[in-house]
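Using the hints, put the two standalone chains together into the complex.
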Amino acid sequence: MQEHTQLSDKEITDDLLSPVIRSPKWFWMTIGSLGLIMLLGLSGYVWELYSGLGVTNVKRPVYWGAYITNFVFWIGISHAGIMVSAILRLTQAEWRRSITRAAEVLTLFSLIAALSNILFHVGRPWRIYWITPLPPVVIGYDFARGIWPNIRSPFVWDPVAVGTYLLSTILFIYTCLLPDIALVRDKVKSKIPKIIYSVLALGFRGTPRQWKIQATTPILLSALVLPIFVSVHSIVSWDFAVSIAVEGWHSTIFAPYFIIGAIHSGVSAVACLMAGLLWLYKLDKYIKPDHFDAIGRLLVIVATIWLFTLFLEWIFALYPLEDPEIALRNMQVFQSPWNYLFILFLFTAYIIPVSAWLFKNIRRSAKWMFFTTILVNVGMWLERFLIIIPGLSRRTELSFNWGSYSPSLVEMGLVAFTFAFVICGILVFARIFPIIPPFDVKEGMRLRHVIKIGKRNISAVVRE
Amino acid sequence: MKLEYDSKTRKGKLIYPEKVIERSLGKVPPSKDLIDKHLHKRGGMFRISLMFTAIFSVIGILGTIFKIINGFDNLSDWSVYVTACVFIFTTFMGAPMLSMATKVARGNWSRPVSRLSEIFCISGIAGLLMFLPILWVLPSLEDGRNTLWFYDPGKVPAYSPHIWTTIAMIAFILTALALLWINARPDFAILRDNSKGKNKIYSFLSWGWVGSTKQWNSLRQRVSILGIFYFMLLITVHFCLASDFLMTLLPGWIDSLYPVTQAHNAIQGGVAVLIIAVFIAWKWGGYKQYIGLDQFWGLGKLLFGISLLWVWFFISSLMVLWYGKKPNERDVLQILMFGKYLPVFLGTIFFVFIIPFTLLILNNVRKSFYGPPIIAISVLIGNFLDRFRHYSSAYSLDRTIDENTHRFANLPEIYVPSIVDIMVLLGAISLPIFLILIISKYVPIISLWENREYILYGSHEKYHHTEVLVEGKPY
Chain A
0 MQEHTQLSDK EITDDLLSPV IRSPKWFWMT IGSLGLIMLL GLSGYVWELY SGLGVTNVKR
60 PVYWGAYITN FVFWIGISHA GIMVSAILRL TQAEWRRSIT RAAEVLTLFS LIAALSNILF
120 HVGRPWRIYW ITPLPPVVIG YDFARGIWPN IRSPFVWDPV AVGTYLLSTI LFIYTCLLPD
180 IALVRDKVKS KIPKIIYSVL ALGFRGTPRQ WKIQATTPIL LSALVLPIFV SVHSIVSWDF
240 AVSIAVEGWH STIFAPYFII GAIHSGVSAV ACLMAGLLWL YKLDKYIKPD HFDAIGRLLV
300 IVATIWLFTL FLEWIFALYP LEDPEIALRN MQVFQSPWNY LFILFLFTAY IIPVSAWLFK
360 NIRRSAKWMF FTTILVNVGM WLERFLIIIP GLSRRTELSF NWGSYSPSLV EMGLVAFTFA
420 FVICGILVFA RIFPIIPPFD VKEGMRLRHV IKIGKRNISA VVRE
Chain B
0 MKLEYDSKTR KGKLIYPEKV IERSLGKVPP SKDLIDKHLH KRGGMFRISL MFTAIFSVIG
60 ILGTIFKIIN GFDNLSDWSV YVTACVFIFT TFMGAPMLSM ATKVARGNWS RPVSRLSEIF
120 CISGIAGLLM FLPILWVLPS LEDGRNTLWF YDPGKVPAYS PHIWTTIAMI AFILTALALL
180 WINARPDFAI LRDNSKGKNK IYSFLSWGWV GSTKQWNSLR QRVSILGIFY FMLLITVHFC
240 LASDFLMTLL PGWIDSLYPV TQAHNAIQGG VAVLIIAVFI AWKWGGYKQY IGLDQFWGLG
300 KLLFGISLLW VWFFISSLMV LWYGKKPNER DVLQILMFGK YLPVFLGTIF FVFIIPFTLL
360 ILNNVRKSFY GPPIIAISVL IGNFLDRFRH YSSAYSLDRT IDENTHRFAN LPEIYVPSIV
420 DIMVLLGAIS LPIFLILIIS KYVPIISLWE NREYILYGSH EKYHHTEVLV EGKPY
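Protein chains in written order, with numbering that gives the first Met the number 0: chain A, 0 to 463; chain B, 0 to 474.
It is possible that part of the hints are untrue.
Calculated Cβ distances over 12 Å to all of chain A for the following chain B residues [what the hints assert, rightly or not]:
#, residue
1, ILE67
2, LYS154
3, ILE162
4, ILE181
5, PHE203
6, GLN288
7, GLN333
Which stretches of chain B does chain A cover? Using the computed rule of at least three CB atoms under 8 Å from a CB of chain A, they are [to be verified]:
#, region
8, 141-151
9, 254-264
Here are the simulated DSS-like cross-link-like pairs (lysine-lysine), alpha carbons at most 27 Å apart as the crow flies [to be verified]:
#, chain 1, residue 1, chain 2, residue 2
10, B, LYS300, A, LYS359
11, A, LYS211, B, LYS461
12, A, LYS211, B, LYS199
13, A, LYS454, B, LYS213
14, B, LYS102, A, LYS454
15, B, LYS213, B, LYS300
None of these hints come from the bench; they were simulated from the model. Quick reminder that beta carbons are idealized off the backbone N, C-alpha and C, glycines included.
Looking at chain B on its own, in the form it has when it is part of the complex (with noise of 0.2 Å):
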């Protein structure tokens, strides 16, 4: 095939599949709806929304710097701040395991909402910035805790969780990144193309593309590559997160399941979070036409599925603590679920599972454009109880052993939020969202080239009496 596009020079006219197929199929037209929604001006409602998230992010900000000049000491300040920053990892930064595990599994009703799941990626950096405090705020290991580094003076440095942590989410955020330029390189190309005023930046983020076959193999092959990265450093940062940041904290909680069942959480509050934003692109973003029903349902069945696995985890964990009835095991049942975090508890359940359940079980909510984003809310307000229940109370322990019962003397008040809290529980929400707004003022959130294949490889055809979809599986 001709190259007409030089890339050293990077000047030339680009030729991306579905130019190929125009000239063989010579009816095919180029998404310029979809071209032109992404670079038209947008709307007020756009413009709000990013005033709004930057002044949050602002106060978010100011919040973060009252704690630090609060001080690290004192672990219990710093318990919803730690809630509020794993947050971010257990929603927003779980929402690009969706479009990796379809594009693994090769289904095609989700190519409408994968890029949409990419871009959360972006998060990731609001994430990181508001680990950082946490470093000083974790103890080093010199404190005599155990800790899955198997702490020895001299050989293994009190440091550990600190620095394997640090690099596991730098390297689980680099790769999301990754992945959603790789997957958007085609699209940057055709915007290169059709674009007046921002050719330079997509020329640049294009990085040469002209949709060789080579090209497209190595596309093809990176994101799933990068896609499996993406999955095991989740897993890694999720069990660095669960165990050095929560589980050592509370001593006398040993189970195995809980970094599995953390990691799980953020892809069902990556699920949730993404049916808002589907919902929102396809009411208020102009995307009606792009984004269906089969995306709904999809994302529903989906989230039915998260949520009957998550209860498993929890039986699977609380089977095993109730019946061993080690006075440890007691006493972590105890401050999780029910001592004085009952009623966080007791909403966890509800939110996370028992609305979810009753809910999408029925098809018609499922396969409705309204059911799974209000259930989808349920899931993350459950989601924040969840991660508050535990780090919170984690956090705020009084470690004082009775002597008599060898049990925990206190155990810890719910912890009530100050205002410098919730200054900081609105920046962690608003910033990803201001980041994800920012970025998708380049990035179109709906994937151009898997659209065009979305469209390509599905068609209505008669079968007899009836009429039916008619899948391409082309790999």
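Same shape as in the complex, but just chain A (with noise of 0.2 Å):
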């Protein structure tokens, strides 16, 4: 990170705590136009809890439609924080200080919204709790007829994994957060608000003694979310994998394949809300062009991984040369409507943006990232659609019914409720706690450095 810009403390407590202390002009309106589009969807889901499944597309013999695709998106894109924050911090990377929270705070609302997901799918979602084993005691009812949760079974795996996830992901951002909740403390005026961050802050007061705890803990807990982090991404692959009822399903090569994939399209997201954070609070002095070309020249690698690991699951699903397989592959790459898909998706979530980010003034330009990566995440969803829903519709030796899907105005307006969450969710956020944490910036600059080698001074960092 060769751009920096030395600033005191009070700059930065003022910068970042701003748009804590007063709302923003575009706030409200912003957060009116997401609420609407939030309540339009869940009025969408008022009648599907009326009415039934039946308001939606998902039929036989598409079981699956976008709602499980869109869960898996989500939980894709919940992949960016722990990526970003667990891994920068644990391999020191310094340029990282300004980005995670809001990768944090990515994380924690899009695992939210690939859950609800997973509440609209199922008919009856007033049942869900039949996936936790419960004794009679509790739920005699249920017991009685025999409904015990297998654990064999990946629809338990995911909520256990999707579940410490989510926890875990809570602690991460409170235990980073605490600092700053009592810098917010101090600095707010009105009672309400001072009592409720007092609560929060659990009495941080800056003692040596709490910060060696604040140091210690965050890179602590990035070492044990990691692996749940991984679970999780493998454990919704293995939803499809392990069956083999569905042909372009069965790949061992899935649990990878999902978590690169998570990963570029989490990652993506990041820089998307990245470029976004900047424009709408202003953010020039904390988010630089340096901080987009690391995260265009990581992208570009992850890309290419993952493109690697699509060309092993066709070739692999290609090489056994069994009829099914082949005529799957067929509909997908030469058939209507999944061949432009197919094609729209190749462009998106590889081509274009890789192709533009080999370009160091594109990765630099925050504009260009935004609308590159805004590309990769509409690949990354049609390749959640075409993963699950062709493998479905196919015409098979023994279906006696087959079909094309497309999701009902019901499952769009849903779509469009869990984007419209997470947005929405992040600007709430953002204007109760600092997005970018202040505490952490002061850091940076503390264990900013100079070295004198030669005539030159050479940027360094100070390590422990």
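Set out below in structure tokens:
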């Protein structure tokens, strides 16, 4: 990181706390618009609850549609937080400081959005507790009917992994947030917010002992959360891969393929979010072109590894020369509308963005990174759609009905709901807590150094 | 900057960064000690190692000749030979990856060991020599097996796996050697100006290096580009070896993750073999003041992370095959894991995962001089067992299918190596070490220029009440 603006503690506090102290002009209007989209989506859900799953286009033989696609998509996005925050923290990458909080918050809201898709998808959401083993004393009725979760089912692994990930993410965010909550507590003047922040700050006063714990806890949590991060999307991939019923799903590479895809879409979403925050909150002193450059370079590598796993998935699917698998791949690439979607997916997920990121000027431009990373996420949504739908809708030997699938209005409304919810959640979070951690940025300012070699000043960093 | 060296006549005096710095600072001396260490006569230990590895290499070559005389028709006879050849590629040839990866990630800690990792590329020559007879062992695609080349008589050559794997392997080895040479050019130039007897060789090897800004910029660019190529070729070589020389010989084994797992094994084995080399250089090579705890700690952390990743790859494959329960998948699991090869499989898990995981999780073990090398030996044993489990079972498989169950009639027994196999194994391990020892006489095993940068970019400074390391990040 060569670009650097040395700022005083006061400047940092004032800049980063200003969205928390007072609302920007655009804030309520944006929240209102997003709220409207959410309201429309939720009204669709009420309609679905009242009428049943028939209002969706999820029907025989395509039992998994837009909701499951969206679930996988948001689980993928949720990998951004840990990828950026935990890995960069463990590797002591200095450029992480301005972007970790936003990435972690993105993880939190995208995980909630992912889980909401499961609620939308199941016919009777009020029985969602059936996935947990409950003793007959609590729910005697269900147990008496012999309903007991089968721990060999991926559908039981899923909530366990995603639930653990959600809890650890909350813990991770909260732990990293403590010094900043304490800072806000000391800055706000209104009585009630002061009480709330005081309670949330858990008595953080910045004593040497508290700082010592504060410095080590996120690193420890990063190391602990990484296996969870890997397990979540692996298990989501096994929802598909352990099944042999649908062609195109039963592949051993699915876990790495999903994880790399998740990192690709997640880190792209972080870059997109950074550009958005940069414009909305005028954070150009904290989010520099160097940040986008570093993320762009990382994305070129991640995207290429992802493409290689896609290649392996395809070539090993064709390798046994089994007719159903060849028919499916033929359908995905040559039959309308899948062929158009497939081409669109390849161009948006890899060809256009990666070709663009090869140029330094594009990598360093917030505007270009914003558009290219949006393209990636369009592509990655389509990727999940193309994994799930064609295999289910294909005519097989013994199928008595088959057909295509397109999401209904209710499904599209609820997909839009999840997008609005995540954006709204991040904006509300940024209104309540600093979205760039002031304590982390201040620490970064103190750890920056310059060493002189010959006639040149070399940017340096202090390591403990 | 006025050059004092004429690249055309290759005469004159070198200007390399430390001398430029020396002039501007007036206090930094050239790495005299490292140059002396490299140029001085090797000790008895070195000569004894050289002699033993040379003898074992000859024994290995004799073993290979016996194998060739016995013929190529019986695949089972060649199973240990193929295992040994692939073992070279999944250990020695994975080591240069560390240098490439840390250069891309700008990790300062690895500078003292990066040359050692690059030197391992010479073992590729041993691997290639061992690979050549295997081209006659592997049947052509005319035998009707499924392949990734989708054989079609008249359209796709029947020897596609042989052709493409050889090309990939040669490109891989040449890229690795090119990387070594490009990285070592500044050092050759330093040695050219400081050595008496070998300056003609070093003059040739330095290829007109004068240390101009243009040359330094070009060195960094070439290393980055070739580093990426090296990584891609490593993946390609293991993709070809794992698919054409292994999976296609075990009908029903459809595992799209295995090529990646094998490439990953190569990086794991590479780090393990490098840790042992670094330990030898530290303990007996006289480089104690250049190789510190930081390097063992860094390599230990890396080995820990890679071992965790290995188990994730392994479980990802196992889950899908285990739950799929298709007849072919059950056969594959029986052959590779739960049948006759169960002890080998358990040994693999124990040495490749359980030992590294349970020991390297402790920071005291990671941050020690003796912990990582001991665990690295365990990883290498596990790596060999893993290769043996896969290649030996695939090569000694009786492909008769039971008409009633449509599964293999006979599962392969564990292949017991013959005397000739043991001769080949000894040679396969000794020949790369022999080549590494030979090349270490000409290439400094600690990079002079990287070590200089390591010293310049890191400085210990007082920070409030303590002392900290200030690390320069120049680009």
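Against the structure, the hints:
1. ILE67: 31 Å, holds
2. LYS154: Per Cβ check, LYS154 (chain B) is outside 12 Å of chain A; nearest 15 Å; holds.
3. ILE162: Consistent with the label, ILE162 (chain B) stays out of reach of chain A, its closest Cβ about 18 Å off (over 12 Å).
4. ILE181: 21 Å, holds
5. PHE203: Holds, because the least Cβ-Cβ distance between PHE203 (chain B) and chain A comes to about 30 Å, which exceeds 12 Å.
6. GLN288: 21 Å, holds
7. GLN333: 17 Å, holds
8. 141-151: holds (count 4)
9. 254-264: holds (count 6)
10. B:LYS300 with A:LYS359: 32 Å, violated
11. A:LYS211 with B:LYS461: Within the cut-off at roughly 20 Å; holds.
12. A:LYS211 with B:LYS199: 58 Å, violated
13. A:LYS454 with B:LYS213: Roughly 18 Å between the alpha carbons, so the hint for LYS454 (chain A) and LYS213 (chain B) holds.
14. B:LYS102 with A:LYS454: 24 Å, holds
15. B:LYS213 with B:LYS300: Measuring from Cα to Cα gives roughly 36 Å; hence the hint is violated.
The structure is inconsistent with the numbered hints 10, 12 and 15, although it conforms to all the rest.
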